[in-house]
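Below are the chains, spelled out letter by letter.
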Amino acid sequence: MSDQQVNTLERKPVILIIVTLVVILIGSVVTALLPFFMEGMEVKIDTVRPYTALELEGRDLYMREGCNNCHTQTVRPLRDEVLRYGEFSKSGEFAYDHPFLWGSKRTGPDLARIGGKYPDSWHVQHMVDPRSIVPQSNMPSYAFMADRPLDGSTIQSKMEALRTVGVPYTDEEIAAAPATLTGKTEMDAIIAYLQVLGTMINKAPVETVTDSTAVADSTAAPADSAAVTPAEAR
Amino acid sequence: MKMNKKHEVTMEERYDSWPVKAYTYSMIIWGIASLLYGILISLQLVYPEWNFGEWFSYGRLRPIHTNGGAFGFGLSGIFALSYYMVPRLTKSPLFLPGIAKLNFWIYNFTIAAAVITLHLGFSTTKEYAELEWPIDLLVVIVWVLWALNMVGTILTKKVDKMYVSLWYIIATVLGVAVLYIFNNLAVPASLFKSYSLYAGVNDANVQWWYGHNAVAFVFTTPILAIFFYFFPKVTNLPLYSHRLSIVAFWSLVFMYLWTGAHHLIWTPVPDWIQTVAIAFSLMLIAPSWGSVINGYMTMGNNWEQMKTNYLAKFFIMGITFYGLQTLQGPSQAIRSISSLIHYTDWVPGHVHMGTMGWFAMTIMASFYYVIPKIYKTELYSVKLANTHFWLVFTGQIIYSISMWIAGIMQGAMWKATNPDGSLKYTFQDSITASYPYWDLRALGGVIFLAGALVFAYNIFKTIQKGSNASAKTEGAV
Ligand code: HEM
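Residue numbers (this note's numbering), protein chains in the order written: chain A, 1 to 234; chain B, 1001 to 1477.
Bound conformation, chain A alone (with noise of 0.2 Å):
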């Protein structure tokens, strides 16, 4: 920078206001905004599907009571967290995750394959009690989930909100939504939820969907991995 530019810079607000902006948004265009129309950016799997109405409650009840604080839902391809927690996380896993859960702390385990790893009851029992299951744990008790009525009076519109943002639901499904969610409790619907993370990718090929993360030295090979059962991980 010259020194006259500096000058006209030091000056004039309006030409520092602009050029601030531009400079602002050079960074934000090229990592946040490009990527958007970048192939690669998520890697379509066809087992993925969108959450059912059950689920989807659940996933907002995971929200409301701000699990992510405490929870992941990334594994990374590294050997150990392979072991611990199973497959690393793929990209288009995720394609319908209004928002993201992947969280950024993990004060307890990684989620992102809980589904399947435990029975329903396991999850009742842990949610009303933590520590009835694992004495040291420090995760809040959700007793008060157990019993209260799940309020499904708006999935029809959440359901329609979705839709707007790329979630393909159908007529035909947001029609019979609310007749799947009488009934059920909240404890029912977080289940649900918990029961699926993780578990659409079981039946795709494993060549199709190793893209992103390039599997570095210290990474089991993703497909040893797949024969460690979680149960036996822990």
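Be aware that one or more of the hints could be misleading.
Pairs of lysine-lysine, DSSO-like flavour, derived with a Cα cap of 27 Å [unchecked claim]:
no.: 1; chain 1: A; residue 1: Lys12; chain 2: B; residue 2: Lys1091
no.: 2; chain 1: A; residue 1: Lys184; chain 2: B; residue 2: Lys1193
no.: 3; chain 1: B; residue 1: Lys1101; chain 2: A; residue 2: Lys105
no.: 4; chain 1: B; residue 1: Lys1091; chain 2: B; residue 2: Lys1193
no.: 5; chain 1: B; residue 1: Lys1373; chain 2: B; residue 2: Lys1101
no.: 6; chain 1: B; residue 1: Lys1193; chain 2: B; residue 2: Lys1101
no.: 7; chain 1: B; residue 1: Lys1193; chain 2: A; residue 2: Lys12
Here are a few chain A residues that sit away from chain B, every Cβ distance over 12 Å (derived from the structure) [claimed, not checked]:
no.: 8; residue: Pro13
no.: 9; residue: Met41
no.: 10; residue: Gln195
Don't read these hints as lab results, they were simulated from the structure.
Since this is a predicted model, take the numbers as computed values, not measurements.
Glycine included, every Cβ here is placed at the ideal spot set by N, Cα and C.
Fit chain B with the ligand to the known structure of chain A by using the hints.
Chain B with the ligand alone, transformed into the frame defined by chain A:
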């Protein structure tokens, strides 16, 4: 920034001190509240039975603590100090004083609404952007009202050149506006429920573009504006290099926006975005340290002020923690280091060196300068200010160091394998091992709160002293 002393006094009368005074109160109230929330959640991690029903459970309270700290305490402080600085730097009265009052009331209503709705569980879950859409709209109004006064006052400036603090204020106005709007785009499903416009990988990428630049435009640029204005004032020393501050400004404002994905290392976000973020994170050391060096060099041959001038001590420790923060941050972005400390308690350790050590330290120190000025009195007690300094310093050191140790321990336990290749520790083992550090962290928080209370007391006493004195002189006239 040399000016005729007599002229300054007469100008002083024309500056509206109402917003400065009002935001001082809201800063103290939201500041103490967010610290109390912080202590409660730190205790909940040790005593889970302290999750009192759904409205007071950890998952809902943590965002109240973070939003309360950044946007309740922090923005109040930034608003107060900007309403003080900008008219003085432009030698121009506030553009729209009436709007500044409106700004204050809408702002406080918004923060109160944020606290209540987060208790009720209305949350988008996006970090530092948890508020649901009606509150987002209020935030936008607050920002526009503040921006009107900042930009308006700068456009009607009566000085030739704009000092670097004004540059940083402009960057703050623009940066937050762009980031906040684009990260919060969502489609409402009902009054307090909406779904992000973006999905999965893209949503994560946009969120952390926002998240890291909340660090840039809330925790950094306004605080640098404050630092560069008040530090030369309290030390009575001219800024070492105007040119360096300008070069640092442009490189900082350019580079920050590229670094968001360092929060997403090893996730399904494409490699190239991660690599770009890592590279820019490392480069960010240069502009960050440009400011640090400018601060140190300003002290020149006057380092004895660390002993003789309590405010120099606050500002120098503040900029030092900024310097440490901006070395630690880039190292965390590196893949191998991220694989160890990401998701662990190391990160709150990093965060709190920034928020307690740099952000809060610099803001609070500025009030020790501003409050006596606008109430035309002396600070109530320098001794108490020193007590405050040592309490917040000790509290923060205990907090950060205990969390750094805990974080490395957790990361190492999660990684450890037996000779046969199986995992050595269960996740539960790492919980058991963390409790002593979580105890210590809560202790650090309590000590920090004690320091903040001493600060609040000192400020109130100073206000009282100033108000009494002016009541007396008015009576005499
Ligand atoms: C050169 C400057 C900086 C860089 C490159 C940087 C880098 C980072 C990185 C890589 C993380 C994520 C750690 C992880 O989750 O693994 C992080 C977290 C964070 N940093 Fe910094 N940092 C910098 C300066 C600062 C400053 C000055 C502050 C001021 C307070 C700050 C506040 C935070 C906060 C609040 C988070 C937590 C985000 C979360 O919720 O996960 N950082 N930083």
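Taking the hints in turn, this is what the structure says about them:
| no. | hint | result |
| --- | --- | --- |
| 1 | Lys12/A with Lys1091/B | holds, 16 Å |
| 2 | Lys184/A with Lys1193/B | holds, 21 Å |
| 3 | Lys1101/B with Lys105/A | violated, 39 Å |
| 4 | Lys1091/B with Lys1193/B | violated, 46 Å |
| 5 | Lys1373/B with Lys1101/B | holds, 21 Å |
| 6 | Lys1193/B with Lys1101/B | violated, 31 Å |
| 7 | Lys1193/B with Lys12/A | violated, 43 Å |
| 8 | Pro13 | violated, 5 Å |
| 9 | Met41 | violated, 6 Å |
| 10 | Gln195 | holds, 20 Å |
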